[in-house]
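*Asks:* Taken in sequence, the protein lines are chains A and B.
For the first sequence, the numbering used here gives the first residue as 1, with consecutive numbering after it.
For the second sequence, the numbering used here gives the first residue as 1, with consecutive numbering after it.
Bear in mind the hints are in silico, worked out from the structure with no lab data behind them.
Heads up, a few of these hints could be off.
[As the list claims (entries may be wrong)] Here are the simulated distance ranges between beta carbons:
{"#": "1", "chain 1": "B", "residue 1": "Lys220", "chain 2": "A", "residue 2": "Lys53", "range": "27 to 35 Å"}
{"#": "2", "chain 1": "B", "residue 1": "Glu157", "chain 2": "A", "residue 2": "Glu41", "range": "22 to 30 Å"}
{"#": "3", "chain 1": "A", "residue 1": "Ser139", "chain 2": "B", "residue 2": "Glu257", "range": "56 to 64 Å"}
{"#": "4", "chain 1": "A", "residue 1": "Gly168", "chain 2": "B", "residue 2": "Ser203", "range": "30 to 38 Å"}
{"#": "5", "chain 1": "B", "residue 1": "Thr45", "chain 2": "A", "residue 2": "Asn102", "range": "24 to 32 Å"}
{"#": "6", "chain 1": "B", "residue 1": "His175", "chain 2": "A", "residue 2": "Gln27", "range": "48 to 56 Å"}
{"#": "7", "chain 1": "B", "residue 1": "Glu157", "chain 2": "A", "residue 2": "Val171", "range": "52 to 60 Å"}
{"#": "8", "chain 1": "B", "residue 1": "Asn26", "chain 2": "A", "residue 2": "Glu41", "range": "44 to 52 Å"}
{"#": "9", "chain 1": "A", "residue 1": "Lys37", "chain 2": "B", "residue 2": "Tyr7", "range": "38 to 46 Å"}
As the structure is a prediction and not an experimental result, all values here were calculated from the model.
Ideal Cβ placement from N, Cα and C applies to all residues, glycine included.
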Amino acid sequence: MDYMNIALAKGRLASETMDLLREIGIQFNGWSENSRKLIFEEPVQKLKVVLVKANDVPTYVEKGAADMGIVGKDTLLEKEADVYEIMDLGFGKCKFSVAGLNQIQSTSYHKLTVASKYPKVAKDYFYKKGIAVDTIYLSGSVELAPLMGLSDVIVDIVETGRTLKENGLRVIEDITDISARLIVNKASFKTKSHRIHRLVEDMKHVLATKGEEDHDEAYQS
Amino acid sequence: MLMNKAYHVPEGAANLQANELELKENKIYVINELFRRYGYHPVETPSFEYYDLFSEIEGTIDVDQMIKLIDQNGKILVLRPDATIPIARIAAQNNGHQPYYKFSYTTNVFRMNDSFQSPQSREFTQSGVEFFGKEGLEADLEVITLAVETLKRADLEDITLDMGQAKFFKEFMKHIQISRQATNEIQKLIEHKNFFELEKRLSQLNIENRFKEIILKFPKLYGQPEEVFSKAEELLINDEMKQELDKLKNLSRMLVELGYEKYLSIDLGLINHLNYYTGIIFQGYVQGYGKPVVVGGRYDHLARQFGRDLPATGFAIYIDALLDAQRNSQNAPIHGTDFCIMFHERNIKNGMKIASLLREQGLVVETEFLENDRYEDHIANREGRNILYELAVLDEKLHLVQPDRTHKTFKDVESFLQDVLQK
């Protein structure tokens, strides 16, 4: 039996995924959040986990170097990989939002400039609204752009909104909800369908029971 | 040393040499030979065509992906972005009006892919067949079995052939009154098996609930043939859907009867990888490789756009992908040189005579001039050239160095040839 490879986005998503896998009885040798290792094996069921940057997860899966991957919807929207996106894992929840100092002035005569780590998402969103924009790609601290006069607004991931607030920005519009997704290589889905299905069904089962528990708790309080 | 960028191979294209190219040519030869034995005739179309040929044909490839050139008169040309469309033109415009045509091809296809991450993303080789003039199972069966046989002939193992039916979904959607854009969005979500977002998108659309429930089942219509067919039976809302499903069922049963069951899987969520497909479509995968190695299906409306109504079906094998898929499993056999014949200029006649006689036997033979009789130095300088036998043709004798490095001496050309030709 071949190893089945799972690519995980380094960081919190990886930890949450490892927790989920442990709940369905899959434990990886030597895994801990602080480990510097990038590859972990589970020799009984022949599973291998590789930790890569979020942006690279769709690449690994589309090209078949990994059979499955777990990555945020934000990355998938920006990268548009040709893969099956078969499950919403429900964790890693946040939003894509437009933020700025003020409302967008629809009467303004100059072309709107948008700074973002996600230029494609930004462009697609404004394009759908029928607004022509210039996008500026930034690799971090996007909140600075409107403050420094680099752009009118930003498009970014918003979880609690604290970073925006502390820098004097506010959410103008929400674009879409984001959460962690399970993606599968199209060829692997056909050639290893049995194993993939079992894994997916197990995960679904755990997530569904969890969902109910959460629901119950909410009900009681 | 930094190299001038102009000397680099452009991204998305690659040089091929020696073993890799030999392996590729060999695969193409084997594949074309099989096509020939099924009665397919080779065709070749121009490397560049008018842009309008592809942009005006309904449902072809993305115009942004075509690699464009400007003609002398200002017209736009493109490097062949698709193999099938120009061949459909040949079929439609052929004189003589034969009832059907069976064409095969091996050609390079060019696309301006955004992702440069693989060496053959912008220029790649396809070998395939196109069967014009027959509708129905007969042609579908021939083309699909030929696709599997071709992969087997190319030494691929663990093949999965995934079949779908482009019309099954289309016939269903004809009864749903929603915008074209919404239809496309739904189709894309089904093709990505994105069940939860499909559910979300449907909740925003004004569609009858019973239809919504059916649409939600499309992403799950895949797996073993009979299992999928019985699930699909429950979704039929009109005769057209039933007809399309029956076609696929009949084909699948014939394939099972012919012993192809172990390769088969069905996916009714496989709707359309290229918009011109109109019926049964298929993709072939091999274990351990992440991309399809063959893609094909029925496209009954393409020839009509060139003036003649000819139903058609066919497939294309991605030759570079096929080689890539095997790179992991088998080591490329290194084709070395059987003989290297060394001689001084004054013995050129004897040396060349031996070389051409051995070549006639099908052996790979190289020749080399010696400046003096010290041929051992020559041999020592040739490491990595992978030569089996070394023969030094000297004034009075011939020296043969064998693969195990033992020596053998012959007194003249004839005795050497006698010894060698016996083997």
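*Asks:* Does each hint hold? Answer for all of them.
*Replies:* The hints, checked one at a time:
| no. | hint | result |
| --- | --- | --- |
| 1 | Lys220/B - Lys53/A: 27 to 35 Å | holds (32 Å) |
| 2 | Glu157/B - Glu41/A: 22 to 30 Å | holds (25 Å) |
| 3 | Ser139/A - Glu257/B: 56 to 64 Å | holds (59 Å) |
| 4 | Gly168/A - Ser203/B: 30 to 38 Å | holds (37 Å) |
| 5 | Thr45/B - Asn102/A: 24 to 32 Å | violated (58 Å) |
| 6 | His175/B - Gln27/A: 48 to 56 Å | holds (50 Å) |
| 7 | Glu157/B - Val171/A: 52 to 60 Å | holds (55 Å) |
| 8 | Asn26/B - Glu41/A: 44 to 52 Å | violated (37 Å) |
| 9 | Lys37/A - Tyr7/B: 38 to 46 Å | holds (40 Å) |
Hints 5 and 8 from the list above are not met by this structure, while the remaining hints are.
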